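Colleague: Listed here are the chains, written in short residue letters.
Number of protein chains: 2
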Amino acid sequence: MAQNIYDREDFFAGYSQLGRSIEGLEGAAEWAALRAMLPDISGLRVVDLGCGFGWFCRWAREHGAKEVLGLDLSEKMLDRAKAAGPDIGITYAKADLDQLSLPQASFDLVYSSLVLHYVEDVLRLFETVHQALAPGGHFVFSTEHPIFMAPTKPGWAIDTEGRKTWPVDQYLVEGPRSTNWLAKGVVKHHRTIGTTLNALIRAGFTIDHVEEFRPTDAQIAAKPELAEELERPMFLLVSARR
Amino acid sequence: MAQNIYDREDFFAGYSQLGRSIEGLEGAAEWAALRAMLPDISGLRVVDLGCGFGWFCRWAREHGAKEVLGLDLSEKMLDRAKAAGPDIGITYAKADLDQLSLPQASFDLVYSSLVLHYVEDVLRLFETVHQALAPGGHFVFSTEHPIFMAPTKPGWAIDTEGRKTWPVDQYLVEGPRSTNWLAKGVVKHHRTIGTTLNALIRAGFTIDHVEEFRPTDAQIAAKPELAEELERPMFLLVSARR
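So the sequences go chain by chain: P and Y.
Using our numbering, read the first sequence as starting at 1 and increasing by one per residue.
Using our numbering, read the second sequence as starting at 1 and increasing by one per residue.
Please keep in mind that the hints were generated in silico from the structure rather than gathered at the bench.
This one's a predicted model, so the numbers in the text were calculated from it and none came from an experiment.
All C-beta atoms in this analysis are idealised placements derived from N, C-alpha and C, irrespective of residue type, glycine included.
Certain hints may be false.
Stated by the list, open to error - Just a sample of chain Y residues kept apart from chain P, beta carbon distances all over 12 angstroms, derived: (1) 3; (2) 59; (3) 66; (4) 106; (5) 181; (6) 225.
Stated by the list, open to error - Okay, derived cross-link-like pairs now, PhoX-like style, lysine-lysine, Cα gap no bigger than 20 angstroms in a straight line: (7) 94(Y) x 76(Y); (8) 164(P) x 223(P); (9) 184(Y) x 76(Y); (10) 82(P) x 94(P); (11) 164(Y) x 153(P); (12) 82(P) x 66(P); (13) 164(Y) x 164(P); (14) 184(Y) x 153(Y); (15) 164(P) x 153(Y).
My request is simple: use the sequences and hints to build the entire structure.
Modeller: Below is the structure:
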């Protein structure tokens, strides 16, 4: 069972203050890149794994999705998503992605933003997603980049010549990482890019696109603190097809 | 045109002393992992891009390859490969991988070991390889891992708590890197894993396997200095299919 960190008061309070929580999709630097990897969503049956406040579910409906199922482990998140307003085309439900089951061939797009790094057994989840998609259906997701997640002590350092660096260790030692992001003891599951992609392939997917998110020059011009994101990737974006 | 570093005396002298140059394939820690990604080679028409001393070409013939074309930019390497003995099934030829052309649908396996990081335009090369393969043919290669290649100053550091780390910077700034491995001013071309995989997909390939090489426990037991390879990946191994 996945750790339900989002329902802890300290974490939830911190998370609610992030740009992506207040501004929604446009508050997330990687959204434009992830959006570009989505198929035309109009008429599609969509699942959002880890829907949080429901920003993507609402966006999908506004862009013509036929029906959207938003799943999250956090009741606080689901309550907030539901409070954003009723939509007959959106269903929110509680689900643990480590124990997920979904009906066969019932969806055209499975989407997931920054949640898979909390999942311990991605192969099991990818197999569940694969069978839930109709043939030709898409799976598009973002996850924390393993370079970001691997280190024993993730953080910036300044080298002897004054350069900002991201010291990596333990990259090839996969498994849980306990970090102190927003709250103490947040458990994430580090795996290499290879492991993630091979799990997709083993589950039957064809890989369509792999992107190690890089802010655009325009984004850096508008928000100069994003320049440090060029030093090491924070997010991995993937699209695959059944 | 790619830099012909292997024909420089200082580089060639250093390279000739490496385990992989003296012991051949078994002297390369990643060989067993790369070998496991190869199809059954018997009866296949094979190209080795960057054949060096010809170790793989000879191995392929010993394992039943019908014919093998070994290509390299370095005349010193080709001379050494030819000197290893005549084989009617092996042809060695000089080629610049940045300007390569190959006949259509004429090969069943294209192999390349630790050479693609010298190639500037991999999309052009991947397109050349794709059209040269018969349908269903395989492309299996290793290249330096971008974590290894990205940093302005690649090398180990010790953090404030005594941990060995590999400080990464400039990961998302793709382009040439000038390093001093075996000789000064060796030029390699850094690109992310995403860029490499997307170039394969764009050239028409289906990705079959992606591996960020990790030495096995048995390898580390036999050669304890390999343990540091767990901290950051040195090699990226990929297999793809036309």
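Colleague: Indicate, hint by hint, whether the structure satisfies it.
Modeller: Hints versus structure:
For residue 3(Y), the non-interface assignment is confirmed: its Cβ lies about 25 angstroms from the closest Cβ of chain P, beyond the 12 angstroms cut-off. For residue 59(Y), the non-interface assignment is confirmed: its Cβ lies about 24 angstroms from the closest Cβ of chain P, beyond the 12 angstroms cut-off. Consistency note on residue 66(Y): stated as away from chain P, and its beta-carbon is indeed over 12 angstroms from all of that chain's, at 29 angstroms minimum. Every beta carbon of chain P lies more than 12 angstroms from that of residue 106(Y), the smallest distance being close to 26 angstroms; the non-interface claim holds.
No Cβ of chain P approaches the Cβ of residue 181(Y) within 12 angstroms, the least distance being about 19 angstroms, so the stated non-interface status holds. Residue placement check: residue 225(Y) keeps its beta carbon more than 12 angstroms from all beta carbons of chain P (closest about 15 angstroms). Distance restraint check for residue 94(Y) and residue 76(Y): the Cα-Cα separation of roughly 10 angstroms lies within the 20 angstroms cut-off, and the hinted pair is therefore satisfied. With a C-alpha separation of about 18 angstroms, the suggested pair residue 164(P) and residue 223(P) falls inside the 20 angstroms cut-off, and the hint holds.
Restraint check for residue 184(Y) and residue 76(Y): satisfied, since their Cα atoms lie roughly 19 angstroms apart, inside the 20 angstroms limit. Taking the CA atoms of residue 82(P) and residue 94(P), the gap is about 12 angstroms. The hint holds against a cut of 20 angstroms. Among the hinted pairs, residue 164(Y) with residue 153(P) is consistent with the structure: their alpha-carbon atoms are about 12 angstroms apart, no more than 20 angstroms. The hinted pair formed by residue 82(P) and residue 66(P) meets the criterion: a straight-line CA distance of about 18 angstroms does not exceed 20 angstroms.
Between residue 164(Y) and residue 164(P) the CA atoms are separated by roughly 17 angstroms; this keeps the pair inside 20 angstroms, and the hint holds. Taking the CA atoms of residue 184(Y) and residue 153(Y), the gap is near 13 angstroms; set against the 20 angstroms cutoff, the hint holds. Distance hint between residue 164(P) and residue 153(Y) is fulfilled; the C-alpha atoms sit about 12 angstroms from each other, no more than 20 angstroms.
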